[in-house]
Structure formats: C-alpha cells, structure tokens
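Please model the entire structure based on the sequences and the hints provided.
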Amino acid sequence: MSSLLPLTSRLLGVSRRLMWRAAPGVSPLLRLTPAAPSWVAAVGKKDLPGLPVLLEDELEEQFVRGSGPGGQATNKTSNCVVLKHIPTGIVVKCHQTRSVDVNRKRAREIMREKLDVAYKGELSELLVKKKESMLKKQEKRKRVNENLEKKRLFKKALAADTKPEDDTV
Numbered sequence: 001m002s003s004l005l006p007l008t009s010r011l012l013g014v015s016r017r018l019m020w021r022a023a024p025g026v027s028p029l030l031r032l033t034p035a036a037p038s039w040v041a042a043v044g045k046k047d048l049p050g051l052p053v054l055l056e057d058e059l060e061e062q063f064v065r066g067s068g069p070g071g072q073a074t075n076k077t078s079n080c081v082v083l084k085h086i087p088t089g090i091v092v093k094c095h096q097t098r099s100v101d102v103n104r105k106r107a108r109e110i111m112r113e114k115l116d117v118a119y120k121g122e123l124s125e126l127l128v129k130k131k132e133s134m135l136k137k138q139e140k141r142k143r144v145n146e147n148l149e150k151k152r153l154f155k156k157a158l159a160a161d162t163k164p165e166d167d168t169v
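Counting with the UniProt record's numbering, you get residues 1 to 169 for the letters of the sequence shown.
Take the hints with a grain of salt, since some may be wrong.
Listed next, with one range per pair, are the computed distances between beta-carbon atoms [what the hints assert, rightly or not]:
1. 142 with 101: 40 to 46 Å
2. 149 with 57: 34 to 40 Å
3. 128 with 105: 20 to 26 Å
4. 162 with 131: 44 to 50 Å
5. 142 with 65: 46 to 52 Å
6. 59 with 151: 52 to 58 Å
7. 145 with 104: 43 to 49 Å
8. 91 with 135: 48 to 54 Å
9. 55 with 146: 47 to 53 Å
Note that these hints are calculated values from the structure, not bench results. Virtual Cβ for every residue (Gly too), placed ideally from N, Cα, C.
See below:
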C-alpha cells in the first residue's frame with residue numbers, strides 16, 4: 001500500500017497542474033485564439049512583399065470551363081477562374097489545376113504580379129528580379145565559355161608539346 005501512495009500523489013499533482021493551467025469554467029478546446037492581424041498584406045510571396053494589395057470590391061470573378069488537354073474532366077467542370085480588375089481592365093485566366101480554390105488563389109497571385117508591373121513599370125519588383133536573374137545567367141554563361149576556351153587552348157598546347165620534333169641536322 002505504501003508503494004501506491006507516491007504514484008497516486010504524482011497523478012493527482014499532474015491533474016492539479018493541468019486544471020490550474022486551464023481557464024476556470026472553460027474547456028481548453030473551446031478557448032478562443034486571438035485573431036490574426038488584419039494588416040498582413042502579402043501572404044504567399046515572402047520574397048516579394050511589395051506587391052499591391054487586391055481589394056475584392058475591385059475584382060470581378062467568373063468561373064468558366066477550361067480548355068486544353070484533360071478530356072471530360074476539363075470539358076464538363078467550370079474550374080477555370082477569370083479575374084478582371086475593374087479599375088485597370090487587366091484580365092487573368094487561371095486553369096492550372098482541377099481545384100477551383102487553388103485556381104482562385106493562383107489567379108489572385110498572378111493578378112497582383114500584373115498589377116505591380118502595370119503600376120510601377122520598369123521599377124516593379126518582378127521585373128527587377130527577372131533582370132537580375134538574366135544578368136546572373138549571362139555572367140555564368142560567359143564564365144563557362146571562358147573556361148571552355150582555356151581548356152581548348154590547354155589541350156592544343158599539350159598536343160603541340162607531345163609531337164615529335166624534327167631535330168635532325
């Protein structure tokens with residue numbers, strides 16, 4: 001009996017701690033979590049936080065049948081999303097997946113990118129990143145070509161050194 005006393009006291013202590021941490025009279029499962037801040041502008045693109053915010057009042061959304069490969073799954077379902085930004089007249093059509101929710105999210109991402117380019121022009125983050133990647137690609141291609149040229153010249157010099165010379169006098 002004496003060996004059960006420490007075990008029961010440990011169990012009671014654990015249950016007391018759990019009860020103490022819980023709010024009185026409210027189940028832990030029913031506690032309200034604080035609402036997310038409403039000032040979060042860009043949710044998806046972490047590397048492009050400066051994209052404009054879309055206002056749902058300025059968007060006109062339609063669901064139409066998609067086109068392209070897919071057969072009956074494409075021809076009978078209206079999961080293609082067409083978004084129109086009313087102030088600018090920019091239209092985005094997205095039919096990348098079979099899910100309407102995913103297509104809606106992707107259409108809004110594409111719309112934000114297009115609005116960024118329309119509003120900022122050459123200074124838009126999207127075009128700046130694209131130019132940077134093109135310059136990096138050109139530099140890499142230039143280094144690769146230089147290395148190939150060095151290797152070709154090195155092989156040519158080795159071939160010239162290994163040829164038997166005519167030293168007959």
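* Between residue 128 and residue 105, does the beta-carbon spacing fit 20 to 26 Å? -> holds, 24 Å
* For the pair residue 162 and residue 131, does the Cβ-Cβ distance stay inside 44 to 50 Å? -> holds, 47 Å
* residue 135 and residue 91 - C-beta distance against the hinted 48 to 54 Å -> violated, 31 Å
* Go ahead and decide if the range 46 to 52 Å is satisfied by the Cβ distance of residue 142 to residue 65. => holds, 47 Å
* **Status of the given 47 to 53 Å range, CB of residue 146 versus CB of residue 55** => holds, 51 Å
* Lying within 43 to 49 Å: is that true of the beta-carbon distance residue 145 to residue 104? -> holds, 45 Å
* Asked: CB of residue 59 to CB of residue 151, is that within 52 to 58 Å?
  -> Between residue 59 and residue 151, where Cβ atoms are some 56 Å apart, the hint holds.
* Asked: Is the gap between the beta carbons of residue 149 and residue 57 within 34 to 40 Å?
  -> violated, 59 Å
* Okay, residue 142 versus residue 101 on CB: inside 40 to 46 Å? -> holds, 44 Å
Of the hints listed earlier, those the structure fails to meet are numbers 2, 8, in rising order.
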